[in-house]
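Asks: For reference, the chains in residue letters:
2 protein chains.
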Amino acid sequence: MPIGVFDSGVGGLTVMKEITRLLPEENILYLGDTARVPYGTRSPGTVIRYSIENTLFLTSKRIKLLVVACNTSSSVSLKQLREKFPIPVIGVVGPGARAAVAVTKVKKVAVIGTETTINSGSYEKAIKEIDASVKITGVACPLFVPLIEEGWLDGDVVRLTAEKYLSQIKGNGADTLVLGCTHYPMIKDIIADAVGIGLIDSAVETAKEVKHVLGDGNMLRQSKKEGSRKFFVTDAPEKFARTGERFLGEKISNISKIYLGG
Amino acid sequence: MPIGVFDSGVGGLTVMKEITRLLPEENILYLGDTARVPYGTRSPGTVIRYSIENTLFLTSKRIKLLVVACNTSSSVSLKQLREKFPIPVIGVVGPGARAAVAVTKVKKVAVIGTETTINSGSYEKAIKEIDASVKITGVACPLFVPLIEEGWLDGDVVRLTAEKYLSQIKGNGADTLVLGCTHYPMIKDIIADAVGIGLIDSAVETAKEVKHVLGDGNMLRQSKKEGSRKFFVTDAPEKFARTGERFLGEKISNISKIYLGG
Chain G
1 MPIGVFDSGV
11 GGLTVMKEIT
21 RLLPEENILY
31 LGDTARVPYG
41 TRSPGTVIRY
51 SIENTLFLTS
61 KRIKLLVVAC
71 NTSSSVSLKQ
81 LREKFPIPVI
91 GVVGPGARAA
101 VAVTKVKKVA
111 VIGTETTINS
121 GSYEKAIKEI
131 DASVKITGVA
141 CPLFVPLIEE
151 GWLDGDVVRL
161 TAEKYLSQIK
171 GNGADTLVLG
181 CTHYPMIKDI
191 IADAVGIGLI
201 DSAVETAKEV
211 KHVLGDGNML
221 RQSKKEGSRK
231 FFVTDAPEKF
241 ARTGERFLGE
251 KISNISKIYL
261 GG
Chain W
1 MPIGVFDSGV
11 GGLTVMKEIT
21 RLLPEENILY
31 LGDTARVPYG
41 TRSPGTVIRY
51 SIENTLFLTS
61 KRIKLLVVAC
71 NTSSSVSLKQ
81 LREKFPIPVI
91 GVVGPGARAA
101 VAVTKVKKVA
111 VIGTETTINS
121 GSYEKAIKEI
131 DASVKITGVA
141 CPLFVPLIEE
151 GWLDGDVVRL
161 TAEKYLSQIK
171 GNGADTLVLG
181 CTHYPMIKDI
191 IADAVGIGLI
201 DSAVETAKEV
211 KHVLGDGNML
221 RQSKKEGSRK
231 FFVTDAPEKF
241 ARTGERFLGE
251 KISNISKIYL
261 GG
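Taken in sequence, the protein lines are chains G and W.
When we follow our numbering, the leftmost residue of the first sequence carries the number 1, and every step to the right adds one.
When we follow our numbering, the leftmost residue of the second sequence carries the number 1, and every step to the right adds one.
Keep in mind that the hints are not guaranteed to be accurate.
For identical chains, the list gives no copy identity; a pair is met inside one copy or between any two copies.
Dumping the calculated SDA-like pairs for lysine to any residue here, alpha-carbon to alpha-carbon at most 25 Å [stated by the list, open to error]:
#: 1; residue 1: Lys239; residue 2: Tyr165
#: 2; residue 1: Lys170; residue 2: Ile197
#: 3; residue 1: Lys188; residue 2: Glu150
#: 4; residue 1: Lys257; residue 2: Asn119
#: 5; residue 1: Lys170; residue 2: Asp154
#: 6; residue 1: Lys257; residue 2: Glu115
#: 7; residue 1: Lys125; residue 2: Gly173
#: 8; residue 1: Lys164; residue 2: Arg242
To be clear, the hints were calculated from the coordinates, so they are not data collected in a lab.
Everything numeric in this text was worked out from a predicted model, so none of it was measured.
In isolation and in its complexed conformation, chain G is listed as follows (with noise of 0.2 Å):
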């Protein structure tokens, strides 16, 4: 049986990427909610319907696991996604929180979000409940997305957009930086030199954790071929490969179109 994997659009990718390193003989089915994204401006409420809807999409397509590989959604809908669905549940927040707080060393900890996931205030909820004595930050970003979407990895725009957003977190006295949303992997540089300080990459945690849970359920593939991926979007399926190639590093085929609402 294969993972499933959903995000609003091709942020997810980095998450499955990470995956597909990991455990290439896995079979994957990623959904990009494309027709909806970006989750990230919209309310908790919209939010947790969608993930119910594309985890019931994925389910009925019987997967073994579900990785929720969008930090909105992990932020506001995991309980609800649990509760609901008899499989694991992985999100990404759980992942990069644990992972920060192993790391820092001055116990102040920055996160970068989209609005809806630092307002959910999930970071700071996740790495409270390790250690209450570890000091958060968090601040929203609303422009990343957009900018790594249109391409413009480098340059000027990018570069001044990062400075301007994390001239908050430098100087702050935090130590560690938790990239709390799928897209920013593809600007790590450019967020580290605005920054100075060590990132986390929630995408790599959450790879990690992916093998844990598989491993301690005996649930791994037991094979040496490489697994299938097949990928699902709600719209716009030439342009989520044609941006999606540089998020996942590979061609990206076998799409198809499906209807979920929206």
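Fit chain W to the supplied structure of chain G, relying on the hints for placement.
Replies: Leaving out everything else, chain W in the frame of chain G:
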């Protein structure tokens, strides 16, 4: 009976602002489809479906005329809306195109808008129908909408972004630039500085068209009292009010959240 206006979000408020300036006594219902914003990156089929659903809602409120205050929707769905609904339907593309043809002296016009608007070739078609000898250059500027919604209406980032997008227009000989997106009037001065030619604001032209059509049909409201304004959104009403006030130039109250799909 009121005038109905819809847009994917807050952008159409720049059109509503011009309508209320010209026709202050008219009652207006405004629908912002904030659960499904942005339209400018979605496929034409999806935008047509959204536009029909929006119009079904507004016509259920017994409007006398519909303004499609969204360039993307005006570009792809006007024909379907006119076939389906027995009221006058005014888009923003036609009025902008007519004004551009009237103003250009060198018969070279440039148009900026969202990806879907520019790819649709709607302005090119509308302009060629009036004067086939006019040459048109279209440039998609996907980052303007998120920049404007973030409130970065001035400063280095928006200035450099405008210069990057508009360098293709500057020096290609056009003397007239159509702002083919209802958000763009918010950064009119930045765009004018970057491009150095005359601008056409579709919002102003569309308001004039509304006045003509209502006058010709003997449908103008016969009252000296200021008309009522009522707002509907499909998600996040508080955010709509907060962002929208900058676009409308006055306080936004009387908002209801409705569900249309999405």
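Asks: What hint numbers does the structure not satisfy?
Replies: Of the numbered hints given earlier, the structure breaks none, since each of them holds.
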